[in-house]
Every structure is written in C-alpha cells, then in structure tokens.
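Protein chains in written order, with the UniProt record's numbering: chain A, 1 to 463; chain B, 1 to 443.
Honestly, I wouldn't trust all of these hints.
Simulated pairs of lysine to any residue, SDA-like, Cα-Cα distance not exceeding 20 Å [stated by the list, open to error]:
no.: 1; chain 1: B; residue 1: Lys81; chain 2: A; residue 2: Asn341
no.: 2; chain 1: B; residue 1: Lys326; chain 2: B; residue 2: Arg178
no.: 3; chain 1: A; residue 1: Lys354; chain 2: B; residue 2: Arg178
Calculated from the structure, these hints are not laboratory results. Being a predicted model, the structure only gives us computed values, none of them experimental.
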Amino acid sequence: MFTSVRTTQNALRNKKISVRDVVSHFLTKINEKNKDLNVFLTLNEDESYELAKKYDGLLKENPDQIFEKYPLLGCIVSFKDLFLTKGLRTTAGSKVLDSFIPPYSAKVVDKIKKAGAIIIGKTNCDAWAHGASGENSDFGPTLNPWNKAYVPGGSSSGSAVSVAAGFNHVSFGTDTGGSIRQPANFCGIYGLKPTYGSVSRYGVIAMASSLDTVGHFGNNISDIENVFKISSGVDLCDATLKDEDKKQKDNITVGIPKQYFEKGVDQVVSDKVHEAIKIFEKNNYKFKEVNLPNTKHAISVYYIIQPAEVCSNLGRYDGIRFGNPRNSFGAEAKRRIILGNFVLSSGYYDAYYKKATQVRTLIINELDKAFDEVDLLIAPVSPSQPFKLGEKVNDPLKMYLSDVLTVPANIAGIPGLSVPFGIHNGLSLGFQLMGPRFSEKLIFKMARDFESFTNYKFEPPKF
Amino acid sequence: MNKYIPVIGLEVHIELSTVSKMFCSCSALHFAKEPNTQVCPTCLGLPGAMPYPNKIAIKDVLKFGLATNSKVNKFSKFDRKHYMYPDLPKSYQISQYDLPFCINGKISLKSGKTINLRRIHLEEDTAKLQHYEDETGQYSLIDFNRSGVALCEMVTEPDFENVDDVIEFLKEIQLIVRYLGISQADMEKGSMRLEANLSLRPEKDSILPDYKIELKNINSFRFLEKALNYEIQRQADLLNKGVKVAQETRGFDQLKNTTFSQRIKEEAQDYRYFPEPDIPPFRFEDKFIFVIKSEIGEMPQEKRVRFANDYKIPQNYIEVLLSDKKRSEYFDKLAELDKKYSIGLNTIANLMVNKNLDQEYPEPELFIKKLLEITKKDYSTTDENTNAVYEVLHEFPKAVSDYNSGKGAVIGFLVGMVQKKLGGKGNPKVITDMLILNLKSPK
C-alpha cells in the first residue's frame, strides 16, 4: 500500500487510508530506524502532518478531481540537504552551514510541493556533494541498508537509502559526476540523472555549475517518470533551462560502448549488464557495439572542470553574512578549492582548464556521433559493487575512480538512468541507460519494458 | 628640462537605467533608497541562487557599441571574475573577459583626432560599503541595493595626449549615452564613473612608457581635469629629477587639489576568469543587430551638423541646446513653428540659451506666443517676407550693385523698402538676414 506512489494513491482513492496515515507510516518508520542508517539530517514532521490534514480535507470535499490538481498527492518525498527549503535547515552536509535556515526554497522544491507532495525531511550527503560514498558528510556516514558495513554510494547517500529503506516514496538528489546513479546502483533502486537544462537548479547549492543536474530516486519506473513530468521544465530563474522533447520511437537500437566494459570493471558487474542485454534481445531489442575511445579522458576532464567550478561556487561561504567561518570546511572541499584555483591560475589556465574544455567538446561530439547510429546506450554504473566503509576514504584518487563510468554523461549533459537488477553477495547490482539530450521518454520506455520482461517488483532490504 | 607628452587612456563605467537589475528582477533604481530593501537571493549571493540575464541591458550595450562605431562580437559570453571583497557577495563578479559584446569603436573629436575604443562590456555592479565611526569604534555596513545593477564598462586605447581632449571625449560619451536613453550618466549619483590611466613619454620618443598611474574615484569632469593636470606636472617633475614613477593607484584630494597614493600595485591580480557556466553564450544574428541599429535615433554629432546646416545658429548656442536632448528637440519644434512666424532662429536660440525662456513654457507653441507678445509685433510670414524681398531686389538694381561693390550701408535703405511693402510688419532682423543671404547668393 505504501510501496509506490501509485499504490498509495489508489488506496487514498478507495478511502482505505488517509494522507495522515501515509505520513504517519513513513515518520514512524523513520523515527524507529533512522538512527541505524543516518539518513535524515532534519525532519519536517509538523508541516507534514499539517499538510496531511489539509489534503485529507480536500479529499473529502472533492475526491474526484483532487488528483488532477495535485498529481503527487499522497507522495512522500525528501530532498538531499543541498536543496534550499524555506524555514527548514539546509546544511549541504557541511558544518559550515550547520545552522543555516534558508529564506527561500529551490524552484523544484516549490514545484513538487505545489503538485501535492509532502516533504518529510532533508537527507544526509557528502559535504557539498563531494564524494562517492557518503563518508564525507560532516554529520557522519549514511549506511547501506543491504549491509551496514558497506557504503551506500554518494554523494546523494541519504536520498538513495531513504528510498531503499522505505522511508519515503521518492527522494531528490543531485548528480554532478554520478551522485544519483551510483548510490542508486549501490542501494538497488532507480536513480535518474536528467538532461542538463531540464530541471531547474535555482535554489540548489551549486557544486559544479556546468555539470550539476537535479534528479531523483524511486523504487519503480512509473514513479520516476511521473515525478520527472512535474520537476522538469523552464522557469525564469535558471537561464540554462530548455523545453525540449526528443521524438519517441518503437524500434530502439541500443549501443554497447565497449570502453565501459574494459579493465577496472569487475566481472560480476559487466556479466550482469550482459545478462540484461540478453533479456532485452529475447524481446526484440537490437544491440550494436559502439566505439567511444575518448571515454577514458572523461575522468581527467571532470577532475579539472569540476574543482574549478567548485572553488568558484564555494567562495561565497566566507562566514561573514551566514554560516560558519572557513575553517569549518572539511578536507575534501579544501582539496577541491586548492585544485580548482590552481587550474584557473594565470600561466596554468591554458594547460589545464582550457585543454579540459577542448577535450570536453571532443567527448560531446563523439557521443553525438554515436547517437546518430544508436538510440540509447547501455553500460555498467559503478565499476564495482559497494565497497566497505573506510575502504577508500584515505585514498582520494581511488575514490575519484568510482565515477569513471558515470562522469561522461555529466561531461556531455546527457540523461542517464540507473536501473536495479539483481543481488550478489547480499549487495545490489544493475545497469545504466543513457541517451541523447532530452531523450528521457525513450529511456523510460526501455526501463518500463525491462520491468515487464522481468516482472520486476521492488524487494526491500532487511536491516 | 625634457618635454613630455601625456599618454592617457580611460575606463568609463556607466550604470544602465534598466528597470530591473542585471541578473534578477529586483528594482535597479537604488539611489537614495532605504538600504537592503531591493534585494533577492541572486543579488545577495545566497546559496543556490542563479543569474538570469536582463535582455534589455544587453540590447542597451549593443546600442551603445553601434552608436560608437564599434563592432559587435556575434559570439559573446559572460565570465566570472574572482576576487574577495565584502561588497562582492559571490566572491566573483559576472563580467566579460575575452569576448565582450563590443570591440574596436571610434569617436572623432572636433580637432579631427580619432579616439579608439578597445572594448565595451557588460557586468554587474557591486554592493556599496558605508564606513562609520562611533564610540564603539570603526565599522562598515553593506547596502546590497546596488548589487547586481547592470554596469557597462568602456575602455579606450591610450590615445589621448592632452587633458582637453579627455574632457571633450567624456562629455561626448555622456551625451551619446543620454541620447540613447540607456543611462542618466550622472556623476554625482555615481551612474557614470571615471578612471584614467596616465603616464608620460619623452616628446621625441613614441614608445609607450613602462609604468602607468591609475586615477580612481573621481566624480566630476572638473576634478578629473585638475587631477590630470596635477599628475602630469608631478610625473614630469619626478622624471626630470631622474626618479622612476611608481606604478600605483591614486585618488584626488578635492580640498588640496592634489592626487595622493591609494594603493601600490605590486603584481597584476589574478582574477582566475572562466566562462560563467550558469549563462549560456550568446549568438547574435545579423538581423537582430540590424534591428538594434535601426532603433538608434539621431546622435549628438549628427544633430550638431544638422543644426549648423539647417538652422545656421552660432556654434556655442548649438552646444548648449545639444547638451540636453529634450531641449534640442524643443528647439526643433520651435524652428518648425517659426517657419510661420519668422521670429528668427537666432532670436529664439538666444532666448533659450541666455534667458531660459523654454523653462517657463513646456509647450513650444506657448513659447512662440509669449515671444510674439513680448515683441508686441504681429510679424509678417516667411512667404510674405520672401515676396517683398524678391520684389525690392528687382525694383532697386542700383542699390543691389552698390551693396555688392562694397557699400554695406545701402542695406538700411533696402530694409526700409521691404518694410514699406510689408506695411511695417516685418521683423527687421529677419529681413536683414534674408536680404544679405539673397544679395550674396547670386555670385
């Protein structure tokens, strides 16, 4: 009844439950289990119950049309603590903002709320979204609900776990180099990184502005799709937004980029993707190998452009008007600030930043060319299954390499969807689908087909 | 004593008078407003806030560029310029680096000399720091009302060699900006701000000097003139003594009429520019540029030429009338009306320039009416005058040839004859001018 937005809405329609019951179900679970996993940094209990009361009233008054006006009524969501929520503490996972109460809300927060969703709380994440394990949070790591000795992935660690642990239906995160797709993969759920310029970033604490995207986690494809319909679209606050929609088609040809299956990718990970390919092939999907030789440069490009933008975006946190002084920054943020300033310095700009933007163009062109031949791409998400807490925390370079298969989509601004598929050694596996810019609908169709080919039903972890 | 030639370049900041700020919808009219009442997340640089560019401001800058014969960069973008200062809430200013909206403009001075404009770009203004002192000590407050207001920066080549040219150029730029209606360009209110770079080179040496002094924070043409003259003398004295002039920024002391050192520049600051990722780059189509060009009205220089050719009024009158676009347009209307009344444009211009009669009569028609009352004369019309003059010149060929052979006094006789035909209703000044014009023109 509480698993997906659809089942919850059906139960509300049939008056089996009230919105208050929905809120109460999730809050009870959170209050009971959050301490085991460290998912939520701030809860929004009072407002959740208030809104539940309001919507229950509206449901009584006008049960037929209420879902047209509030398409996400009954949907319980959380936001990564990078999204500004008016009056509700927003920390970015950093001590710098540990008592920051935003005076305004992100556009996407307003949109989701206006559609009837109830925001239940703010989730833990790597500080400033810097990380691939959740361990960089100044508020302690979030644990993987499949096995608490393992990381849930990052940086949207709390958001991914909130959905996997059944703390809410949907959770919003950000994906700058894989921060939605990788934790979705590590937690056995869906994670959408939409096209750059499809969902407003206004009011979301910026990490690297030319790479940041706003997406969400869900445990089924229909929730992912319905929420995207609400979250996407232009506003007059984010100038990079566009309203575009790529044409739908029936016979999808899918590319298998061979560089995504090469050394460094664990056998169990690539085998699982090939298993998925076989299922698709059995159901008349066509596959074709594609060559993307510049993929190997994506991570180098990323670790130049990203810190450059990070150091620029973090400059405002000087502790003068809000937040704590600069010595509250953690080691990873400091590392990126120093790296970013270095690559932008006169004398080094041409060799690093400028060169990186040139290679970025090559990667974009190469992907555009591939999409002349195939409609979508299928690939692994993370080169390995979840790693243990503490395993990579002292080796930043090793941690950076966790992003190697997710970063190219950010470099090129294309959409990617992490799809859960199977369990191995008690930890999740899956694959990602990528497509040309604004091809989300095509990606959703392929993922929906996969759900029906495999009779997929979300099986929550026991923790 | 060596003789030196000043080498002067200018940087002019012009605050655009757009309704809203450059990257948000806050009101841009910040002068004398209660501090921090016109602010939002974007211009406060709050976490998560993003810039949304003001298209009117961009059009204004393109207009300014086209009106100063600049080339529009058809591919252009914004960049982030990084430096830390309390009046800059994001720790970077959104500005333009290598691809400003306009480049390579030109302005001609009356002497015929051309001043080259290196670039015109658009950026955001900073907040305003207010410094106070009381029994608790010194402190500073920040007013963000100005933060994010559209600011246009124009940079010239170091083409000026004397102070008069600098002042003439700046007054012309101020006039152009006001004619375009893109800014009040009011120096007292800070909507036009001047910076000059000045150094001296020996007269016989055309190589640029290896130092420059920046003169900053000067808020009137008069003070700039004084500062430049003082600085030229100061540098010449130093150079004559064999002292190397230190590279520095200097301000102007209005009480002592001297310049003083504000900041020694050790090394060029590294602004770590990179393209603003939150604003996609711009591609301007030829058609778009053409439309903007067609929206530019008559510029001061064109008006100057037209007034001289069509109205034949003295140059000093023209300059006074031109200096206020509305006044010059008022004069255009008077000139049109005067075709009927023939009061004479010199008389009218004189009453405007010396008596400010136009201030009392917002409507040109009432101005003319008042004028006719003052002179208590119901003057003959231009057509009547033309006919009478024509007839008299044909009826008195002797007087005409006398005049042409140098007997200027005969003009009085001719005026009398014309007045006789007009029954004394002619304006003597107008008739005299008309006679002189016709007496000379056949040759």
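Now for the hints, and whether the structure bears them out:
no., hint, verdict
1, B:Lys81 x A:Asn341, "12 Å, holds"
2, B:Lys326 x B:Arg178, "10 Å, holds"
3, A:Lys354 x B:Arg178, "40 Å, violated"
Hint 3 from the earlier list is the only one contradicted by this structure; the remaining hints agree with it.
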